Amino acid sequence: MSLALEQVLNGLQFGAMIFLIAAGLTLVFGIMGVINLAHGSLYMLGAFVSASAAVHGAPFAVAVLAGAAAAGLAGIVMELVVIRRLYGRDHLDQVLATFALILIANDGVSVVWGKVPLPVDVPSALAGTVSLGGFIYPAYRLVLIAAGLLAALGLYLFIARTRLGMLIRAGATHRETVAALGVDIAQLNTVVFGLGALLAGIAGALLAPILAVQVGMGEQILILTFVAIVVGGLGSIRGAFVGALLVGLVDTLGRAYIPVLLKPVARPEIADSLGGGLSAVAIYVLMAVVLIWKPRGLFPAGSR
Amino acid sequence: MSLDLIVGYGGMVSFGHAAYFAVGGYTVAVLAQHGVDSALIAWPIAVAVSAALAAVVGALSLRTSGIFFIMITLAFAQMVFFTLIAVKAWGGNDGLPLGARSVLPGIDLHDANVLYYVCLALLVAFTAFAAQLVESRFGIVLRGARRSERRLLALGFPTFRYKLVAFVIAGAGASLAGALWAEYARFVSPDMASWSRSGEFLVMVILGGIGTLAGALYGTAVLVGLESLLSGFTEHWMLLLGAILLVIVLFAKHGLYGWLAGSNDG
Amino acid sequence: MLTFARASLAALLMVSVAGSSAFAADPAPLKIGMITTLSTAGGYLGEDMRDGFQLAIDEEHGKLGGVPVQVIVEDDGLKPANGKQIADKFLLQDKIQLFTGIIYSNVALAVVPSVVEAGAFYVSPNSGPSQLAGRGCNKNFFVVSWQNDTPHEATGQYAQYLGIKKMVVVAPNYTTGKDAIAGFKRTYHGQIAEEIYTALDQTDYSAELARIRAANADGIYYFLPGGLGINFLKQFTQAGLKKNMKVVLPEFSLENHVIGAVGNDAEELYGTAHWLEDLPYAANKKFVTDYRAKYHREPTPYASQGYDTAKLIASALRAVNGDISKADAFRAALRKADFKSTRGAFKFGPNQYPVQDWYSMKVVRDPKTKKLGIRGVGKIMRDTGDVYSGQCKLT
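Taken in sequence, the protein lines are chains A, B and C.
Each residue of the first sequence is one higher than the one before, counting from 198 in our numbering.
Each residue of the second sequence is one higher than the one before, counting from 1113 in our numbering.
Each residue of the third sequence is one higher than the one before, counting from 561 in our numbering.
Hint data in this document are derived by calculation from the structure and do not stem from the laboratory.
Computed from a prediction, not measured in an experiment: that's the story for all the values here.
Where is the CB? At the ideal position from N, CA and C, for every residue including glycine.
Among these hints, one or two may not hold up.
[Unchecked claim] Cut-off 30 Å, straight-line C-alpha distance, at most; resulting in silico cross-link-like pairs (DSS-like, lysine-lysine):
1. C:K591 with B:K1200
2. C:K745 with C:K953
3. C:K900 with C:K591
4. C:K854 with C:K907
5. A:K460 with C:K900
6. B:K1200 with C:K931
7. C:K699 with A:K460
8. B:K1200 with C:K953
9. A:K460 with C:K931
10. C:K591 with C:K896
11. C:K931 with C:K896
12. C:K846 with C:K931
13. C:K726 with A:K460
14. C:K806 with A:K460
15. A:K491 with B:K1200
16. C:K854 with B:K1200
[As the list claims (entries may be wrong)] Each pair of labels, with its calculated beta carbon distance range:
17. A:V380 with B:Y1228: 56 to 62 Å
18. B:P1217 with C:R895: 41 to 47 Å
19. B:G1147 with C:A742: 24 to 30 Å
20. C:E827 with A:A383: 48 to 54 Å
21. C:K803 with A:V462: 22 to 28 Å
[To be verified] So, partial list: chain B residues that the calculated Cβ filter (under 8 Å) puts toward chain C:
22. T1195
23. A1198
24. N1205
25. D1206
26. P1209
27. E1261
28. A1297
29. R1298
30. F1299
Please build the complete structure, drawing on both the sequences and the hints.
Here you go:
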């Protein structure tokens, strides 16, 4: 029983991790209508900057802030130089342009930091494990869950309660009206894009201690993130949250239990490798099923 | 090329095109493994298998549109990718070599030049076929569906069926490409089905200009040419490639073809 | 058909490039085609290998075995298709007859058959696939590194030697992963408590870690190349599992870059390798010192393999005085393996894969510098070839 609880917790943690990245992506899509493949590159940048800050002796909190700030700034520059020109263009042009940005970012990072993965240690205060009733759990992973929840709550309050949040909501559905009311839409877009980039940077910085900080890390997680926001419904923070948790849970529980369930019915070596294969495609099956059932995802934007 | 058909004319972006490419290649390779080495048998089977797969995937995916369509085709492609990686009899991630090229009666495919001309002939045939298709009633309906699906539905056209047929034809085309690739390389591997390869196909099409068959050819030639030129020139070729692509997107609104032709209709 | 537009255009473009970059020196240097992986997350492997190779050339000021050489390097981007296209270009446009460089087996399997069938030579610095080791062996194909199974057999042997009774084994769910586990089980005869297959692009291992904890084993072996292994090790240590389990790894998961990336988590890990930086051979000492001096980073097995490959080629080039069109003489010279390997004794088996010693190692903290490093412990296997060589019929 405690093992099952532990696996559920693992799923939530993975979901929280995906959410941190997905939130920015869905915000940018929902409000600006831009498909940004290079979102993963911002995440990578956050990880690399915080890792090199940590290598130079910065305390963990400072390193995370540095990573977030760097990604946020890079996001703003990206918006001003490239993304700005893509509003109103076909989604496909956006895909191509942001794909080009991925190439530039990956090679740029390998020029600056080299190809060898960078080291980041978990801050020593959080490095231990915590006993949670029946099982022990790494403390740092609890921090990640908390960070995900905090980000979700913060974003919700920000969007629902602040003036800027209200403008963002309005901008998503009634662009022209907002513009007619004298709001500088261009500036609003830059802010939103920077915010999304900032979130990706935080995710990168927070995950640096448990993942390999290396070139290409952005694309690895980008696909999962896209799956999450598509399952949840594009453009909605709530959708991204639910989608990310679903993807995290399905993926983790799939890996934990599909091989075990197969054991009684198949020979062990077959059960293990078949189980591995099935759990790898589990989230794609989830996405296909959700989209066939609800072609616009679970919580499409504008339905709230 | 075949992707251009669905992207440009049907307004459907498939992020899973590599799956058919891989299925085509694998069909030829697996048939060869079992001793079927006649191209006249292997190639049509490859195309048929992919068409059948495309029919199933298309029927399920076409219920959605836009980015959801992209993602669902991606999902199916990933399933193909993970299957290919896990099946040891087909070489798994190491891929599957073909002992020898298939046999066409009267034509020696082992001669590189001959194989090249066979491919060229098929390319021309497919281009001609696609061009015909675009100009036909079928193509007009498809383009109509891209602009305004509702209007066509109101006119009584079953757009779903038209789109599905386009999707299947495109899948079959990609499959033929995969089969030919397998003959040329005498090797197939799961990365033929990877999502980054689908992305690469898509980039070629977009680069050339969507909805123009000639554009797909330009796009392919430019991307492949740049890639191989730059990677021979510097280790950091991706940086340059990225920059060049970016400039093209930002300044050539209808792809290279539109830019070169100076026309404004996409 | 995309492919053909590709190949022909590439060919056209390359004519100009080849024309402009050709050496003007007299006599024309011997061209060596190096197809390797320099981009993607696996890029640092190719980089180390290439730099090791270059180091050997620099020692002779642009020559190998007294013969001026020009190495043409191209990045395959870890895509078999790209590798194949580069190989065709090298063969047809640049008329290259000597190839090396490939890191990953899937690329090698796409490239090697067409290269050797064209009568050219391929000397592999890293990949040694089983498909080309047994019945599929070829007289023009040489492997300097290892057969792909052997590192795992050595690791199994070491786990056995360490007296670990119950092991968990982990590998990605693809053929290379399954072959690795099969290799490990060939020499480890204790109990396998759990066999876990992970997804190829996995970043989070919490579900697997919970299964590992529940298995209650006293040792773990995993084959997770590059970044995957780094992710896994970090998370494994944070889960507090290292206290009760001995970690025994093949060299891919335990080299200097991995240790650099996981930091303190690498302490007290066990492993096996065919090369170690502290091996007491003169050739190795020179290589390690020069490599550090030139590139300002720690050497890895990949770098040593690149260096050894260049040294092997040098020995054979010297024997034929740079004329590799004397294919039989060149082949015979390669087969002799008359060079000083950084790993000590080295010879080729009947399938032209190496027969060599394997070492056990451990990660320890240097008492003076306080830095973690790999120290050799002893020899775990002697003069070891591979299980496929018997099926190879080379005369």
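The hints, checked one at a time:
Simply put, C:K591 and B:K1200 have alpha-carbon atoms about 37 Å apart, too far for the 30 Å limit, and the pair is violated. For the hint linking C:K745 to C:K953, the alpha-carbon distance of about 27 Å falls within 30 Å, and the restraint holds. With a C-alpha separation of about 23 Å, the suggested pair C:K900 and C:K591 falls inside the 30 Å cut-off, and the hint holds. At roughly 29 Å between alpha-carbon atoms, C:K854 and C:K907 fall within 30 Å of each other, so this suggested pair holds.
For the proposed pair A:K460 and C:K900, the alpha carbon gap of about 51 Å is over 30 Å, so the pair is violated. Taken as a hint, the B:K1200 and C:K931 pair is broken in the structure, with Cα atoms around 42 Å apart against an allowance of 30 Å. A distance of roughly 45 Å separates the Cα atoms of C:K699 and A:K460; the hinted pair therefore is violated under the 30 Å criterion. Pair hint B:K1200 plus C:K953 holds up; C-alpha atoms about 25 Å apart against a cutoff of 30 Å.
Simply put, A:K460 and C:K931 have alpha-carbon atoms about 44 Å apart, too far for the 30 Å limit, and the pair is violated. Restraint check: the Cα-Cα separation between C:K591 and C:K896 comes to about 22 Å, which is no more than 30 Å; the hinted pair holds. Straight-line distance between C-alpha atoms of C:K931 and C:K896 comes to about 40 Å, which puts the hinted pair past the 30 Å bound. A hinted pair counts as satisfied when its Cα atoms are at most 30 Å apart, and C:K846 with C:K931 qualifies at roughly 22 Å.
Proposed proximity of C:K726 and A:K460 is supported: the alpha carbons are some 19 Å apart, at most 30 Å. Taking the CA atoms of C:K806 and A:K460, the gap is near 27 Å; set against the 30 Å cutoff, the hint holds. Taking the CA atoms of A:K491 and B:K1200, the gap is near 36 Å; set against the 30 Å cutoff, the hint is violated. At roughly 43 Å between alpha-carbon atoms, C:K854 and B:K1200 are farther apart than 30 Å, so this suggested pair is violated.
For A:V380 paired with B:Y1228, a C-beta distance near 59 Å keeps the hint of 56 to 62 Å intact. Checked against the hint of 41 to 47 Å, the pair B:P1217 and C:R895 passes, with Cβ atoms roughly 43 Å apart. Range check, B:G1147 to C:A742: about 28 Å between beta-carbon atoms, so the 24 to 30 Å window is met. Checking the proposed 48 to 54 Å range against C:E827 and A:A383 shows it holds: the Cβ atoms sit about 53 Å from each other.
At about 35 Å, the CB distance of C:K803 to A:V462 disagrees with the hint of 22 to 28 Å. Interface hint at B:T1195: violated, since its Cβ lies 11 Å from the closest Cβ of chain C, which is beyond the 8 Å cut-off. Taking 8 Å as the C-beta cut-off, the interface hint given for B:A1198 holds, the closest approach to chain C being about 6 Å. Below 8 Å, beta-carbon pairs count as interface contacts, and B:N1205 has one with chain C at about 4 Å; its hint therefore holds.
Checking B:D1206 against chain C: minimum C-beta separation of about 5 Å stays under 8 Å; hint holds. A least Cβ separation of about 6 Å between B:P1209 and chain C falls short of the 8 Å threshold, and the interface hint therefore holds. A cut of 8 Å between beta carbons decides the hint on B:E1261: the least distance to chain C is about 30 Å, and the hint is violated. For B:A1297, the suggested interface contact is upheld, since its CB lies about 5 Å from the closest CB of chain C, less than 8 Å.
With its C-beta approaching chain C no nearer than about 7 Å, B:R1298 sits inside the 8 Å limit, and its interface hint holds. Contact between B:F1299 and chain C, as hinted, is supported at the beta carbon level, the nearest pair being about 4 Å apart and thus within 8 Å.
In the structure shown, a violation is registered for the earlier hints numbered 1, 5, 6, 7, 9, 11, 15, 16, 21, 22 and 27, in ascending order.
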